[in-house]
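Colleague: Sequence:
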Amino acid sequence: MERARWAPVVALLVLAPWAAEASWGGFPVTWYPLLVLFLGPLYGGAAVLIREAARRSGGGWPVIVLLAAAFGVVQAGLVDQSLFNPGFLDDTEFAGSAPGFAEKALDYVGNHVLLSICAPIMLVEAFFRDRRPWLGSRGLAGVGVLYLLGSLMIFADDEDGRKGFMLSPAQAGLAVAVIVVLVGVALLPRWRRTPRPGVGWVPHPLLFGSVLLAVHIGLWFAAGRLGVGVRVTVVVAAVVLVPAWSRRAGWSPRHVVAGWSAGLIAAAAGAVFAPAYVPTSALLGVVSDVVVVLLAVTLTAVAYRASSHGVISAGSATKAVT
Numbered sequence: 465m466e467r468a469r470w471a472p473v474v475a476l477l478v479l480a481p482w483a484a485e486a487s488w489g490g491f492p493v494t495w496y497p498l499l500v501l502f503l504g505p506l507y508g509g510a511a512v513l514i515r516e517a518a519r520r521s522g523g524g525w526p527v528i529v530l531l532a533a534a535f536g537v538v539q540a541g542l543v544d545q546s547l548f549n550p551g552f553l554d555d556t557e558f559a560g561s562a563p564g565f566a567e568k569a570l571d572y573v574g575n576h577v578l579l580s581i582c583a584p585i586m587l588v589e590a591f592f593r594d595r596r597p598w599l600g601s602r603g604l605a606g607v608g609v610l611y612l613l614g615s616l617m618i619f620a621d622d623e624d625g626r627k628g629f630m631l632s633p634a635q636a637g638l639a640v641a642v643i644v645v646l647v648g649v650a651l652l653p654r655w656r657r658t659p660r661p662g663v664g665w666v667p668h669p670l671l672f673g674s675v676l677l678a679v680h681i682g683l684w685f686a687a688g689r690l691g692v693g694v695r696v697t698v699v700v701a702a703v704v705l706v707p708a709w710s711r712r713a714g715w716s717p718r719h720v721v722a723g724w725s726a727g728l729i730a731a732a733a734g735a736v737f738a739p740a741y742v743p744t745s746a747l748l749g750v751v752s753d754v755v756v757v758l759l760a761v762t763l764t765a766v767a768y769r770a771s772s773h774g775v776i777s778a779g780s781a782t783k784a785v786t
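In terms of our numbering, the sequence shown opens at residue 465 and continues consecutively.
A portion of the hints provided could be inaccurate.
As the list claims (entries may be wrong) - Computed beta-carbon distance windows for the label pairs:
hint, residue 1, residue 2, range
1, Val-761, Leu-613, 31 to 39 Å
2, Val-645, Gly-693, 18 to 26 Å
3, Val-644, Ala-686, 37 to 45 Å
4, Gly-648, Ala-566, 20 to 28 Å
5, Val-645, Gly-522, 27 to 35 Å
6, Phe-565, Leu-748, 28 to 36 Å
7, Met-617, Gly-637, 23 to 31 Å
8, Val-640, Leu-501, 24 to 32 Å
9, Gln-635, Ala-678, 31 to 39 Å
10, Ala-634, Val-766, 45 to 53 Å
11, Ser-632, Val-699, 39 to 47 Å
12, Val-699, Leu-671, 17 to 25 Å
13, Asp-624, Leu-671, 37 to 45 Å
No wet-lab data here; the hints were simulated from the structure. Given the structure is predicted, the values throughout are model-derived calculations rather than measurements. A virtual CB, placed ideally from N, CA and C, is assigned to each residue, including glycine.
With the hints as constraints, model all of the structure from the sequences given.
Modeller: Right, dumping it as structure tokens:
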């Protein structure tokens, strides 16, 4: 029986809560240890479970993204219920800026896909250069218990978790239906197939990442119905283009790093403009913004450099980066 590899698991338990709640400026740097302690089981536990499910099934990144979206609906729809609670931000610095339901659904679930799950998984896999399963059945069960306890802690917290809100049966039914569909699609056998790498143009990883970074920053200025339309267009374009490119011989692990890093760096850059969830001094705010940008850029650079060792021959390129 292969021994569990706990180092990448611990790394993901640390990185996921930081990326989810601090990378965009949600909390000052002095709160980082508390985020890891209290939110590591929630975000890190979910990231580990999703990553293990995808790697054990052979589904790769398509399965990770689908399960990350399902987690986003679980978290925003059923656990903290921010997706349905119109007053969720009333006690924060974001009071008065609550978006509509469609915009919230795209932003909240999208941020969970990008920051809570996919970017941390990408970083840890690049650092450890390991796409094998990390845990055995006991390890998985332990992480599963951690995740459930973390979710229960948020759900039961009437002050900082659900904030006194309870969704209606219709809202719960909608959330559960979407979750079932996403998980069902993730279970399809098609994701376990390994097509032969095709021919065709693939953008350079740095070009790919730069375009995505520009898109992420551009979305800052698209709000309301226009913002919803632009976001839907971006998602559709990504669903069409990225899978097509990833099946071509020129696609490499560096594309994966560049793609997910673009959103992480954009989030860190936006920390300068985002008010923190908690009151903080001007000096600590500036220091925290600088720290988050340095961390995001450094993590991205290290992951990009490490992923150069994963660039492989055309014959196995598709399997290695999925």
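Colleague: Among all the numbered hints in the text so far, which are the ones the structure does not match?
Modeller: Numbers 3, 5 and 11, in rising order.
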